[in-house]
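Novice: One letter stands for each residue in the lines below.
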Amino acid sequence: MSALDRIDQAVKSNPVIIFMKGTPQMPQCGFSSRASQALMACGEEFAYVNVLGDPEIFQDLPQYANWPTFPQVYINGELIGGCDITLEMYQNGELQKMVKEAVKPDAATEGDAA
Amino acid sequence: MTIQTQIEQKIQQAMQPDFLEVLNESHMHNVPPGSESHFKVTVVSAQFNGKMLIARHRQINGILAEELNGKIHALALHTLTPEEHFAKGGKVAESPLCMGGGKA
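Heads up: the sequence lines are chains U and R, in that order.
The letter at position 44 of the first sequence is residue 44 when you use the UniProt record's numbering, and the numbering goes up by one with no holes.
The letter at position 38 of the second sequence is residue 38 when you use the UniProt record's numbering, and the numbering goes up by one with no holes.
If you are wondering where the hints come from, they were derived from the structure by calculation, not from laboratory data.
Careful: at least some of the hints might be erroneous.
[Unchecked claim] Simulated pairs of lysine-lysine, DSS-like, Cα-Cα distance not exceeding 25 Å:
(1) R:40 - R:88
(2) R:40 - R:91
(3) R:71 - R:10
(4) R:88 - U:97
(5) U:97 - R:51
(6) U:100 - R:51
(7) U:100 - U:12
[What the hints assert, rightly or not] Cβ pair distances, simulated, as ranges:
(8) R:30 - U:44: 43 to 51 Å
(9) R:65 - U:55: 18 to 26 Å
(10) R:65 - U:2: 19 to 27 Å
(11) R:1 - U:100: 22 to 30 Å
(12) U:41 - R:91: 20 to 28 Å
(13) R:100 - U:56: 16 to 24 Å
(14) R:97 - U:62: 22 to 30 Å
(15) U:8 - R:33: 26 to 34 Å
(16) R:31 - U:41: 36 to 44 Å
(17) R:83 - U:44: 26 to 34 Å
(18) U:4 - R:31: 43 to 51 Å
(19) R:86 - U:41: 25 to 33 Å
(20) R:62 - U:100: 28 to 36 Å
(21) U:56 - R:87: 26 to 34 Å
Here the structure is a predicted model, which is why all the values come from computation and not from measurement.
Idealized CB from N, CA, C, for every residue including glycine.
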């Protein structure tokens, strides 16, 4: 499977995923660190791919969604942006909402459930 | 021409923004003194009115495609409408410090 196919599969099979340098526990770039911290602060599970551990993905990811830099955050299969956008959306509360809805699609109707 | 000047000129010509600041933040990272690898760009323009952040960033990434395709390693982007810039008192977030990984 090509790197682009592997990226596509990872993006489509995880409601929230970050492609980053390092891991959320041991980030290796300040931008990746901040973006993964914002995701962690949303309090839901998310997937991650360490691009430094996979040279093919490192090389091909910028083409996937025509976005030139790392990290990249995808929610429900769509690129939401890099570090600056992720942080700004966290600060205004949009990120938490999007992440919660992506991870628990029924959450909005749960209030009426028995 | 320095890369910093090149970035300034390209954005200035493409957008005629209300405010433009290009900072070379390479000294905050694991690169030799005098490097031009890490930049922070703040653009304030009414062209951003009604556009999502991702569309604003794509516009700047497009203007700087050549630079992003090799010359520069990191680009922190702050894209604001004049109203947003005013509401924030003209301030944008500080960039993170380097954590040492990968200079590709």
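Novice: Are there hints from earlier that the structure breaks, and if so, what are their numbers?
Specialist: 8, 11, 15, 16, 18, 21
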